[in-house]
Amino acid sequence: KLAAEAIDVTIPGESVTVGHQHPMNQVLQQIKDIFVGMGYTVVDGPEVEFASYNFTRLNIEEGHPSRDRSDTFYFDEKDEVLLRTQTSSMQIRFMETHKPPLCMLAPGRVFRKDEADATHSPMFHQIEGLVVAENITMGDLKGALINIMNKIYGHNAQVRFRPHHFPFTEPSAEMDIQCFNCHGEGCPMCKNEGWIEILGCGMVHPKVLSNCNIDPEEYSGFAFGIGIERTAMLKYGINNIKLLFESDVRVLKQLND
32 KLAAEAIDVT IPGESVTVGH QHPMNQVLQQ IKDIFVGMGY TVVDGPEVEF ASYNFTRLNI
92 EEGHPSRDRS DTFYFDEKDE VLLRTQTSSM QIRFMETHKP PLCMLAPGRV FRKDEADATH
152 SPMFHQIEGL VVAENITMGD LKGALINIMN KIYGHNAQVR FRPHHFPFTE PSAEMDIQCF
212 NCHGEGCPMC KNEGWIEILG CGMVHPKVLS NCNIDPEEYS GFAFGIGIER TAMLKYGINN
272 IKLLFESDVR VLKQLND
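To get our numbering, take the position in the sequence shown, counting from 1, and add 31.
None of the hints are false.
Here are the computed distance ranges between Cβ atoms for each label pair: (1) T128 with N270: 39 to 47 angstroms; (2) T128 with G185: 31 to 39 angstroms; (3) A164 with P219: 38 to 46 angstroms; (4) C218 with H195: 22 to 30 angstroms; (5) F104 with P219: 30 to 38 angstroms; (6) G217 with S241: 38 to 46 angstroms.
Think of the hints as simulated: they come from the structure by calculation, not from any bench.
Virtual Cβ for every residue (Gly too), placed ideally from N, Cα, C.
Kindly produce the complete structure, drawing on both the sequences and the hints.
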């Protein structure tokens with residue numbers, strides 16, 4: 032009985048009660064299973080990171096707004112050691128030790144100085160993917176992401192890609208999914224836009240490849256980052272991110288029933 036009542040409070044992604052998995056863990060496991068089936072390697076890395084991995088080698092130069100102390104938790108006065116703001120740093124670490132062709136997936140906690148509200152938290156979870164090989168195109172990226180969204184949200188899920196800018200990808204895009212509540216008509220859930228932003232993606236910037244001693248003339252690649260909280264909230268109709276972190280067994284039972 033005591034074993035059945037044990038609660039693991041170390042990470043929201045773990046099973047909170049026996050027989051009632053946390054919704055974030057369900058989403059994370061589903062994403063991992065899909066990509067492992069596609070040949071991706073799941074990797075883990077440090078949450079306390081160097082700025083060179085978290086920013087510089089990802090083509091995020093000094094002076095970029097994301098490097099500001101108002102956005103990032105630094106440990107030192109020189110702003111060289113920090114709590115990672117993205118799991119993209121694992122892309123650099125993986126490319127340092129592996130040669131193309133490569134496919135990797137990096138899930139984990141990240142930290143930013145966001146004000147806590149219904150949709151934001153200073154600590155949240157990401158899962159980033161990277162593919163580098165010969166002749167990789169934007170078509171490969173779109174195919175992989177459309178495949179995973181159909182498996183998570185159903186084959187009727189409608190998605191779109193919008194041009195965007197990220198320093199570490201070029202070209203870059205954001206992927207939206209059609210609002211489940213209004214089916215594109217517009218409602219409070221999607222802020223009357225009919226679409227909800229789900230992830231960022233793009234082709235790996237040649238400079239990032241060069242920073243890892245990979246020849247951008249010979250290889251190309253794509254990368255993407257998915258927010259686990261946002262994915263779980265959309266999948267299970269959760270309207271407040273705080274419900275994912277409070278470990279309220281009543282909420283977890285309701286989501287699993």
